[in-house]
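K.L.:
Following the hints, put chain B in place on chain A, whose structure we already have.
There are 2 protein chains.
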Amino acid sequence: MGKLSLDISMSLDGFVAGPDPSLDDPLGRGGDDLHQWAYGAASWQESHGRSGGQANADSDVIAERVESAGATIMGRRMFSGGEGPWEEDPNADAWWGEEPPFGHPVFVLTHHEREPLEKGATTFTFVTDGIESALDQARDAAGDKDVALGGGADVAQQYLRAGLVDEMQIHLAPVFLGGGVRLFEGVGPDVRLELTRVIESPAVTHVRYGVG
Amino acid sequence: MGKLSLDISMSLDGFVAGPDPSLDDPLGRGGDDLHQWAYGAASWQESHGRSGGQANADSDVIAERVESAGATIMGRRMFSGGEGPWEEDPNADAWWGEEPPFGHPVFVLTHHEREPLEKGATTFTFVTDGIESALDQARDAAGDKDVALGGGADVAQQYLRAGLVDEMQIHLAPVFLGGGVRLFEGVGPDVRLELTRVIESPAVTHVRYGVG
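Line order of the protein sequences matches chains A and B.
Count along the first sequence starting at 1, add 109, and that's the number in this note's numbering.
Count along the second sequence starting at 1, add 109, and that's the number in this note's numbering.
Since the hints were made in silico from the structure, they are not lab data.
Idealized CB from N, CA, C, for every residue including glycine.
It is possible that some hints are incorrect.
Stretches of chain B that chain A covers, calculated by requiring three or more beta carbons in the stretch to come under 8 Å of a beta carbon on chain A [to be verified]: (1) 110-124; (2) 247-261.
Pairwise CB distance ranges (calculated) [what the hints assert, rightly or not]: (3) B:Thr305 - A:Gly158: 33 to 43 Å; (4) A:Arg270 - B:Asp129: 33 to 43 Å; (5) B:Gln163 - A:Arg301: 20 to 30 Å; (6) A:Glu208 - B:Ser131: 54 to 64 Å; (7) A:Trp204 - B:Gly161: 29 to 39 Å; (8) A:Ser160 - B:Asp263: 32 to 42 Å; (9) B:Gly161 - A:Ala230: 50 to 60 Å; (10) B:Pro128 - A:Glu176: 37 to 47 Å; (11) B:Gly297 - A:Pro311: 15 to 25 Å; (12) B:Thr237 - A:Ala164: 33 to 43 Å; (13) A:Leu273 - B:Ala271: 36 to 46 Å.
Isolated chain A (complex conformation) (with noise of 0.2 Å):
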């Protein structure tokens, strides 16, 4: 079976999103810089249908995750953006665009039933009965390979309370934002954290935990 591994980037103040986040601005003030690094990466730029971009240290770091991931749970406003639409049309599209960048499954946690959508490639399962029953879905169909924790924060945190949460990959921006969402508020020493692997670029720092 495969792992859970949470895979996010962050600020060195802790947030993964900014201040005063809008439907033109989902991340907040700031909240795209934590995501820079990913940019330029070929990786990066192959998942999302392009060419071009660098074969570097990050590149690997996206593709390697590309490769281990089968399927994918993320929660409402990743699915549909910070204040996005969902709430006035329950089904407006995903912000995600006629060809996700994902090629898997992916489950959405949401209170809203909704029929599944698919997207070119991926296919967006909408999970209403919990954590536990989007996890079970993402194993079934991640088969061998991991189930990928998108976010957002609160999505991440209910996995770690609840202790399902195997492996965590953070991406340490160099960069403060000083307000915004808070990756592990809320989180207690009692989930303890093995560090396994450290991959330098000159743009962020990937630091990978083992999680207990």
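P.N.:
Just chain B now, with coordinates in the frame of chain A:
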């Protein structure tokens, strides 16, 4: 002129001390876990007048710091403890013992005037006229060497917000404290970081930044 360099251990959730500090437990609940990486290192033992310990990457990081620093700045609580004896007795000795591990001049930021205190090879000078004065005095004392900014968090934040920190090395400990004193509270995106070096060890990740 040497750099002002902040060198401090932080939990993955951003704390430099845990909840509920006391005289018996000045780093708060779990706070001591942040420093486990150092205690077993040969150069840490040596700087504390002992022998033994391991010659490893962590030890090299400490040795580099010991050699490069010609003076240290710290806050009053780092000098005499969290809720320490200072308030009851302004002449209380430092909790650093008779042979403090500095071996160079230390400047303590405080609101209470006090005569300099000599302990072994370390002289503590008490500075009541603010962070810039402390930095001037420390730079004079350090000559060509760096000035180490030891903490606590409030002192680090004052220097960061004033734009006076040149370099920062965070020892990112693989622990969650879940509460306590946040290192970067009130530090915002106008403090710019440049990732300059990462050193990995099994116990901790040493991440160094240029600060601008």
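K.L.:
All hints are to be evaluated individually against the structure, with a verdict given for each.
P.N.:
A quick look at each hint next to the structure:
Chain A is given as covering the segment 110-124 of chain B, and this holds because 3 residues of the stretch bring a CB closer than 8 Å to a CB of that chain, at least three being needed. Proximity of the segment 247-261 of chain B to chain A, defined as three or more residues with a beta carbon under 8 Å from a beta carbon of that chain, is not established by the 0 residues found. Checked against the hint of 33 to 43 Å, the C-beta distance between Thr305 (chain B) and Gly158 (chain A) comes to roughly 35 Å, which is consistent with it. Between Arg270 (chain A) and Asp129 (chain B), the C-beta spacing of about 21 Å breaks the proposed range 33 to 43 Å.
For the hinted restraint 20 to 30 Å between Gln163 (chain B) and Arg301 (chain A), the CB-CB distance of approximately 23 Å keeps it satisfied. The supplied range of 54 to 64 Å is met by Glu208 (chain A) and Ser131 (chain B), whose beta-carbon atoms lie about 57 Å from each other. Evaluation of the 29 to 39 Å hint for Trp204 (chain A) and Gly161 (chain B) yields a failure: the beta carbon distance comes to about 57 Å. The hint said 32 to 42 Å for the Cβ distance between Ser160 (chain A) and Asp263 (chain B), and at roughly 50 Å that hint is violated.
At roughly 58 Å, the beta-carbon separation of Gly161 (chain B) and Ala230 (chain A) lies within the given 50 to 60 Å, and the hint holds. About 41 Å separates the C-beta atoms of Pro128 (chain B) and Glu176 (chain A), a value consistent with the hinted range of 37 to 47 Å. One distance hint, 15 to 25 Å for the beta-carbon pair Gly297 (chain B) and Pro311 (chain A), holds here, with the actual separation near 23 Å. Between Thr237 (chain B) and Ala164 (chain A) the beta carbons are some 56 Å apart, a value that contradicts the proposed interval 33 to 43 Å.
At roughly 43 Å, the beta carbons of Leu273 (chain A) and Ala271 (chain B) sit within the given window of 36 to 46 Å.
Of the numbered hints stated above, those contradicted by the structure are hints 2, 4, 7, 8, 12, listed in ascending order.
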